[in-house]
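**Q** Same order as they appear, the protein sequences are chains A and B. The numbers in my numbering rise by one with no breaks, and the one at position 147 of the first sequence is 147. The numbers in my numbering rise by one with no breaks, and the one at position 246 of the second sequence is 246.
If you are wondering where the hints come from, they were derived from the structure by calculation, not from laboratory data. From a predicted model like this one, the values you see are computed outputs, not experimental measurements. The reader is advised that the hints may include incorrect statements.
Label-pair restraints from in silico Cβ distances [what the hints assert, rightly or not]:
id	chain 1	residue 1	chain 2	residue 2	range
1	A	Glu284	B	Glu141	48 to 54 angstroms
2	A	Gly267	B	Glu141	48 to 54 angstroms
3	B	Lys174	A	Lys33	15 to 21 angstroms
4	B	Lys174	A	Arg42	31 to 37 angstroms
5	A	Ala258	B	Lys266	25 to 31 angstroms
6	A	Ser198	B	Lys266	29 to 35 angstroms
7	B	Leu199	A	Val171	39 to 45 angstroms
8	A	Glu284	B	Pro240	50 to 56 angstroms
9	A	Pro248	B	Lys266	37 to 43 angstroms
10	B	Thr2	A	Gly267	52 to 58 angstroms
11	A	Arg63	B	Pro294	37 to 43 angstroms
Don't be surprised by glycine CBs; every beta carbon is placed ideally from N, CA and C.
There are 2 protein chains.
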Amino acid sequence: MTIRVVLPGFGNVGRNFCRLLEKRDSLDASGRKILLVGVATRERGSLWSDEGIPLGKLLEAERQTRRVDAVSLPGCKKGIPALDMIREGNYDILAECTSGNLKAMEFEPGFSHMRAALEKRKPVVTSNKAAVALKFWEIDELSRSMETPWHYDGTVVVGAPFLDYARTCLVDAKMRAFEGTLSSTCNYVLDSLIEGASLDQALMDAQRSGMAESDPRLDVEGWDTAAKLMIVAQALFDLPCPDLGSFPVKGIRGLTRAMLSEARQKGGKIRLMARVSCSPEGAELSVGPELLPPTHPLSLLFGPTNGAVILTESLSEICLSGTGNSPRQAAFALLQDIRKIVRMEKR
Amino acid sequence: MTIRVVLPGFGNVGRNFCRLLEKRDSLDASGRKILLVGVATRERGSLWSDEGIPLGKLLEAERQTRRVDAVSLPGCKKGIPALDMIREGNYDILAECTSGNLKAMEFEPGFSHMRAALEKRKPVVTSNKAAVALKFWEIDELSRSMETPWHYDGTVVVGAPFLDYARTCLVDAKMRAFEGTLSSTCNYVLDSLIEGASLDQALMDAQRSGMAESDPRLDVEGWDTAAKLMIVAQALFDLPCPDLGSFPVKGIRGLTRAMLSEARQKGGKIRLMARVSCSPEGAELSVGPELLPPTHPLSLLFGPTNGAVILTESLSEICLSGTGNSPRQAAFALLQDIRKIVRMEKR
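Using the sequences and the hints, build the whole thing.
**A** Here you go:
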C-alpha cells in the first residue's frame, strides 16, 4: 500500500521532507510507503508522475538547476499549476510547504491549496505558518465539515513535538498561560551578537544553515514569532484569530552587544519572547525582547534551541524544549503528521 | 452515566485522588461522573457502598480516626478485603494506589489486585511503582490478552505528563537514551542540605509535605528512583524487566553539605540521576548521584521539581520538566488515565 503525496513548495522544509522520505523504506511498521506524485513551485516549475517521482533525481536536479522540472522521467507531466494538481490529481495527502508573509497578511497560495484539498476530502499537513496563523479557524471548520483531518505541527517548536503534546496531554490540566522562544533565527542571532558578529553577518549565517526565513527581516522584526504565537493562541487557547495590530510585535533590531553582554554577566539572557495569558477579563498576546533571569527555565537554552513554558491550573508549570530547530525537524513533523493520519484511517 | 471506581490504598495519592474527585462535578465535557464505590486498606479498614461513598465524609473520618470505615453510611458494607471487592464487586475501573517496595521485591498486594481486575476485563489505573516496575510485562500481556486497558502515568514524573508524551509523540523519533531526576524527595533533600538542614530534618519535612515514601530510606537509597527507571526502561525502551542487582543503584546518603556547596559555587548541581542508554551492544541502566554542569538542562530545576531528557535519533535532545512533584499531581495523573479509558470506550 502506498500513500500518494502532493508537495507544493520546495524550499528548505520541502527539500528536507524529500530527503527524509528518501532515507526511509516505509512510513512505519505497517510497511506503507510514501510516493511523491507531484511537486509544484511558483517560479521553479512543477512535476507530476503517476508512478512517483524519484527523490534522489529530484533533489539532485533542483540542486544543479534550481528547477524541480529539470528531471528527465518517462511519462511525467510538467507545468501543471499546484492548484490544478490538488483539484484534479490522484493523490491521498497534501503536504503544503509554500510560505506566506504575516506582516503583509499574505496567506496565499497556501490557504487556497489547503482549502482545495479539504474540499476534495484529502487530508492536509502543512508547515505554512502565515496561512495557518491567519486562516486557522476557516481551515479548521472546513476540516470538520468535510470530516477530513488537517495537521500543522510543522509550524511551531519543531525541535520537540509540542502542539500535539499540549492538545493531547495538557488540555485537561487547564492551560492558563504560555511563554516561549519561538524563533531559532532570533536565538541564534542574539547569541552571535554577543560573540561579536554583526546583525547582517549573523543573519547570513542563519540563512545559509536554512533556519532563517527567505526574507530574514520577518524573523528579526518579530513577525515569524508572531505567526507562531497566533497559532498557539488559536490551537491551544481556543481564541478567535487575533487581529494584527491588536497586540505588540517588537523585534530584536534595537538590541546591542553591550545590552546582551550585560544581561549575560548577570547570569541571565535576552530572548525574543512570545506570550499568551488568559484571565477572566480576556486573553493578552505579546511579542518582544525580554531579560530572562538565570532562574528562568528558558534562560538555559543555547543557540537556535527553542522552548515553551505552559502554566496550567492542575499541574502548575510545564517546560518543554528540544535541541535545535531546523528545517529537517519541521520536515520530521510533517512526516509525523502523515503518520497520525494513516493511523487514524486504520482504525 | 457514572463510572464506578474501586480504590485499594488510601495513602497520600489515594487521599489526593478523593480530594480531586470531590472538587469536580464531572470527569469531562461529556458530563460523566466518577462514583467511588469501594475503598480498602490493609490495616485501616474497608468500605463499600453501591450508591457511592460521600468523599467529604470519607476524608474527614479518615483524618480524625485514621480509618476508612469510620463513616456512618446506611447500606454500606465494612470489612470486605480489597481482592474480594475487585473479584466480586460491581464497578468499572480499578484505581490501584497501594504501595510496594522495590528493594524487598515486594509487588503485592498491588499486582494481585491489578491481575484480578484485568481478568474480569476491568480497566486499571495505578500509581504503584514497585508493582509496575517488577511486573510490567506480566500486567501488559494480561491487558492485551483480555483486551482491557491499563495505565500507569501516575508512577513517573507526575509534574508533567511524561510517559504518555514519550509513547505518543516521540516513539517515531527513535529514542536512544534517557536521563532524569525522578525523586522529588531527593531533589528536596539535596537542596535542604545546602541550606544547612540535616538529612533527618530534611526527610521529616519531605514526609510531612507528603512527597516522601512512607519509608523514606527507599528514596534516599535510590530505590524509588530505580523503580521509576525500570518503568521507563520497559515502557519506553521495550526492554525486558531488568534484574535488581544487574545495574548500579546508589543513593544520596554519602553526600555532604561541603560537596553540594562546592558544586553550586561552580554553577552546577548534584542530583540523583537515572539513566538508560541503548547501543547495538545492549541497554545500560544506572541510578546514582552526578555533578550536573551549569549547561545541563536539568541543573536549573529547583526544589522537588523533576525533569527528563530524552535523546532521539530524529529530533536530537528533548527536555521536559514540570514544577513540583506532589501526590496531588500523581492523583491528577490517575484522573487523566481514567479520562483516556473513558474516551477510548466512547469511540
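**Q** Against the earlier hints, flag every one the structure doesn't satisfy and list their numbers going up.
**A** none
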